[in-house]
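Each chain is listed here by its residues.
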Amino acid sequence: MKIAKKVIDLPPSGIRKFFDIASAVKDVISLGVGEPDFITPWRIREASIYSVEKGKTTYTSNWGLVELRELISTYTYEGTGIDYSPKDQILVTTGVSEGIDLAIRAITDPGDEILVVDPSYVSYKPCVIMAGGVPVPVNTSEENDFKVRKEDILKMITPRTTAIIMNYPNNPTGSIMTRKDLEEVADVAVEHDLMVLSDEVYEKLTYDGKHASIASLNGMLDNTILLNGFSKAFAMTGWRLGYACGNPEVIESMMKIHQYTMLCAPITSQLGAIEALKNGQQDMLDMVKEYNRRRRVIVRGFNALGLHCFEPKGAFYAFPSVKSTGLSSEEFAERLLYEHGVVVVPGNVFGETGVGHLRCSYAASMENIKEALGRMESFLDKLKQEQAPKIKSRH
Amino acid sequence: MSMVTTKGKGKPTDGSMREVLELIEKDSKLTAAEIAEQTGLKEKDVERFIKEMEARGIIKRYKTVIDWEKYGDDSVYAIIEVQLNPERNVGYDAVAERISKFPEVVTCMLVSGDHDLHLVIKGKTMKDVAFFVAEKIAPLSQVTHTATHFMLRSYKTEGEIMFEKEEDTRLVVHP
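Chains as they are written, first to last, in this note's numbering: chain Y, 1 to 395; chain V, 1 to 175.
Don't read these hints as lab results, they were simulated from the structure.
This one's a predicted model, so the numbers in the text were calculated from it and none came from an experiment.
Mixed in with the good hints, there may be bad ones.
In silico lysine-lysine, DSSO-like type, Cα no more than 27 Å apart, as pairs [claimed, not checked]:
no., chain 1, residue 1, chain 2, residue 2
1, V, K26, Y, K370
2, Y, K278, Y, K323
3, V, K29, Y, K289
4, Y, K289, Y, K180
5, V, K70, Y, K289
6, V, K60, V, K127
7, V, K70, V, K51
8, Y, K289, V, K42
9, V, K60, V, K42
10, V, K165, V, K29
11, Y, K278, V, K156
12, V, K122, Y, K289
13, V, K165, Y, K289
14, V, K29, Y, K370
15, V, K124, V, K156
16, V, K26, Y, K289
17, V, K63, Y, K370
18, Y, K289, V, K63
19, V, K42, V, K70
20, Y, K87, Y, K278
A few chain Y positions that, by computed beta-carbon distances, are all more than 12 Å from chain V [to be verified]:
no., residue
21, I107
22, G132
23, R179
24, N247
25, E352
Cβ coordinates follow ideal geometry from the N, Cα and C atoms, glycine included.
This is chain Y alone, in the form it adopts within the complex (with noise of 0.2 Å):
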């Protein structure tokens, strides 16, 4: 049997072991869910299912539904300010996750360099490896607030380099960036000739002022494939449902290895997201509401902990820093889970600057957060006591 070699050398994820462990530890609590706890609002799956009911169960156009992307292109214009065409600049997805691959595939050739701002999600630098290019980790630090500055970009950059990915609000540090923070990414970007691709999918989880997408910059509309679905913003993570943006020439390339992979998205998917955008948006809102609450008191309970943990304003994660406790993320994280049932995701797994940091989702219940970081206290007490010199003997 014989598997390619790029495939065999893909790294394995780093998070696999921690699903063997979970499931042989008993009464786990899970900060590791990188999805929402929310159900789908029940309206989306009621018109989900009425839309099965009457044989709504066929393929869609390759794009997506014609009226699905009438409504991405208003309520993109309502988070963002950019009005792009529902004709030929939207592309519905099976998922952001879709949208990233065809993205990277559809601007890359074997050799290009392609940066990725990291910490990042898992999925960047491999889809770049598949598609024959070259992932180039740009690294982003706490002291700013990993946001990613022009100098972390240009110390990276190439002949060779040809675009640039970065999500924020982020995964999973939940850092997000202002306009401001984003015209020095748009300056390199203009003057370097680099394709942003901005995975958005957080957009609605910004708790601190409203949004700021790339695209809506000076120069960057044709520039940038924004990326966006429905998966955080309307806990529809199962449903596999995003959309790409950009100039007509991107997303028809795009759409090109769309119709001979995935085809089209799923059509009771499409039509629960059309739900959704007309009738689901305070659902949302108060989802967000909730989200901001629980980011409050988990960032608080770090702090108070002694796990210094910077002020996500984004997406629902805590990246708190366990350098203090001189055990590594990995570490820590795995006694965490044996001795105290408490699930966590090491840092390390998003990429070198992740290293000493855990990602903790708070996407689960006030009572479980509350568990946790009690577990937690009892887990750092335990540290201390371990960790206190030895009163020594005297001969």
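With the hints as your guide, set chain V onto chain Y.
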């Protein structure tokens, strides 16, 4: 436990006072400290605000939603539709207030449509409820018609789903 706040530049953004009411409407057992933690407001401000809302009668009472059926209580509830002749000057108010004062009346509201008052009556037995309506409501001179609907099962009460909740079926760890 030492208190460390986040770096000076980024204090968590504050919720509104309205949010305080939304929170205790759902869970009246939340303490001022917990509300402050969740909203980013100061504990003292939350306390003062709640006191003021109580004094102004905006917070009327702290209630609990109880599944009496599950507890084993076999109280009987009925919805009574009442048609009325309104009175000169006072309209429906006088008779509605009179009806509201009976402890058996759990809910009394003026509604649009083919009847005027919508009542919810609680009693020990169906007979209790039926006699209450026959003796106290129907004979009132302003009442022209009543219709009684006994409640058989409640699926949602005060915004609370009374049947089994949907489970969290997510994988425990996911990037």
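Hints and how they fare:
1. Restraint check for K26/V and K370/Y: satisfied, since their Cα atoms lie roughly 18 Å apart, inside the 27 Å limit.
2. Note on K278/Y and K323/Y: the hinted pairing is violated, with a Cα-Cα distance of about 46 Å set against a maximum of 27 Å.
3. At roughly 20 Å between alpha-carbon atoms, K29/V and K289/Y fall within 27 Å of each other, so this suggested pair holds.
4. A C-alpha spacing of about 25 Å is found between K289/Y and K180/Y, which places the hinted pair at or below 27 Å, so the restraint holds.
5. Under the criterion of a C-alpha separation no larger than 27 Å, the hint pairing K70/V with K289/Y is inconsistent with the structure, at around 32 Å.
6. For the hint linking K60/V to K127/V, the alpha-carbon distance of about 32 Å lies beyond 27 Å, and the restraint is violated.
7. Restraint check for K70/V and K51/V: the C-alpha separation of about 34 Å exceeds 27 Å, so the hint is violated.
8. Distance check on the hinted pair: K289/Y and K42/V sit about 18 Å apart at the alpha-carbon level, within 27 Å; holds.
9. Using a Cα cut-off of 27 Å, the hinted pair K60/V and K42/V holds, with the two alpha carbons roughly 23 Å apart.
10. For the proposed pair K165/V and K29/V, the alpha carbon gap of about 21 Å is at most 27 Å, so the pair holds.
11. Proposed proximity of K278/Y and K156/V is supported: the alpha carbons are some 25 Å apart, at most 27 Å.
12. For a cut-off of 27 Å, the pair hint linking K122/V to K289/Y is broken: about 37 Å separates their Cα positions.
13. In summary, the hint linking K165/V to K289/Y is supported, as the alpha carbons are separated by about 22 Å, within the 27 Å threshold.
14. Between K29/V and K370/Y the CA atoms are separated by roughly 16 Å; this keeps the pair inside 27 Å, and the hint holds.
15. With a C-alpha separation of about 21 Å, the suggested pairing of K124/V with K156/V holds against the 27 Å cut-off.
16. Between K26/V and K289/Y the CA atoms are separated by roughly 14 Å; this keeps the pair inside 27 Å, and the hint holds.
17. For the suggested pair K63/V and K370/Y, the alpha carbons sit about 25 Å apart, so the restraint of at most 27 Å is met.
18. Restraint check for K289/Y and K63/V: satisfied, since their Cα atoms lie roughly 24 Å apart, inside the 27 Å limit.
19. Using a Cα cut-off of 27 Å, the hinted pair K42/V and K70/V is violated, with the two alpha carbons roughly 39 Å apart.
20. With a C-alpha separation of about 19 Å, the suggested pairing of K87/Y with K278/Y holds against the 27 Å cut-off.
21. The Cβ of I107/Y lies farther than 12 Å from every Cβ of chain V, with a closest approach of about 24 Å, so its non-interface assignment holds.
22. No beta-carbon of chain V is positioned within 12 Å of the beta-carbon of G132/Y; the least distance is around 23 Å.
23. No Cβ of chain V approaches the Cβ of R179/Y within 12 Å, the least distance being about 17 Å, so the stated non-interface status holds.
24. The beta carbon of N247/Y is kept farther than 12 Å from every beta carbon of chain V, the shortest such distance being approximately 30 Å.
25. The beta carbon of E352/Y is kept farther than 12 Å from every beta carbon of chain V, the shortest such distance being approximately 16 Å.
Violated hints, listed in ascending order, are 2, 5, 6, 7, 12 and 19; each of the other numbered hints is respected by the structure.
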